[in-house]
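Put together the whole structure using the sequences plus the hints.
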Amino acid sequence: MPEALAGDGPDALALPELGQVPWRTRTDERYLRRYARIWTFWTLLYAIPFPAAALGLVLLEPLAFPVALACLAHGWIIPELYAYRGASVLRPKGPRNEHSEPVAQGLLGDLLDHDPRELQRRTGLALQDGRLGTWLVGESGALLLTAGGRRVHCFCVRLAEAGDRRLPPSDRIAHLLLALRTDEEGFATVANHAFCGAPWRIRRRLPPQMRPALDAARGRH
Amino acid sequence: MSRLIRMDHTGHTTLAEWTAADQAAFESAVEHFRCELEDGCIAVHDLGGGKAEQLRELPRDAGLVIMRRPIAGG
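Order-wise, the sequence lines are chains X and B. 577 is the number of the first residue of the first sequence in my numbering; add one for each residue after it. 582 is the number of the first residue of the second sequence in my numbering; add one for each residue after it.
No wet-lab data here; the hints were simulated from the structure. As the structure is a prediction and not an experimental result, all values here were calculated from the model. A virtual CB, placed ideally from N, CA and C, is assigned to each residue, including glycine. One or more of the hints may lead you astray.
As the list claims (entries may be wrong) - Some chain B residues close to chain X (C-beta under 8 Å, calculated; not the full set):
{"#": "1", "residue": "His590"}
{"#": "2", "residue": "His593"}
{"#": "3", "residue": "Val625"}
{"#": "4", "residue": "Gly631"}
{"#": "5", "residue": "Gln635"}
{"#": "6", "residue": "Ile647"}
{"#": "7", "residue": "Arg650"}
{"#": "8", "residue": "Ile652"}
{"#": "9", "residue": "Ala653"}
Structural data, given as structure tokens:
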């Protein structure tokens, strides 16, 4: 089983990429809790008015039923799109580089303990325990489960790849994993926050082979 | 035997290998290390236990040193 991240103590070196985003507040537990509260507030703010409008329309004029249906559809679709955006951070992206992937997979496997290695081979996601929560690292993003596994933060993060030197998928994961292990809070600060919400909203939009990784991460809380 | 590798489109490339007793091999590894840093790479030493450290100098007894590219918000 993976051991907890330990590279973000006060004496550890900060992630050098933090220099690219000097305006951002360092993402710590307090920041994540506040961000989650704000995200919940906004979700309610954009989701509730549509069903309320639908109900009002039908009460005022039953013939406006089709318009009320359209309102309900909006109230359903918009949160769905946000959750889809969150799940998309883990979707495989870019070339597969089948020729070099086995070599990259070997290196990534060396960085993981036995159980996370097997999980990564089955699901494509690397499990890593941290001080902020449990991480699932993919090719171009990461999920962080907090609050006893009841909340998931989705982060979009990419590599500075140049030209045709496209890396195989496992190397992209290894890049993110090493950055995460160097400075967990710094990693969360550099990455873009794409979504925050309940894990079930993300789970059903993940590719089926990735869902066991989310279940395993939730099981660690 | 310590190794300096770079993650690249081939999976990874071994840039240098050295032992603490082999001064010439170590100096060659340091040269590669500096070239990679100048090229914008970041040197990382995975310490195990979920911990990694960024290196600015190449230790003689490093074990495995991995050169990675910088990350950015997607």
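Review point. Can you give the numbers of the hints that this structure goes against, from lowest to highest?
Key: No numbers; nothing is violated.
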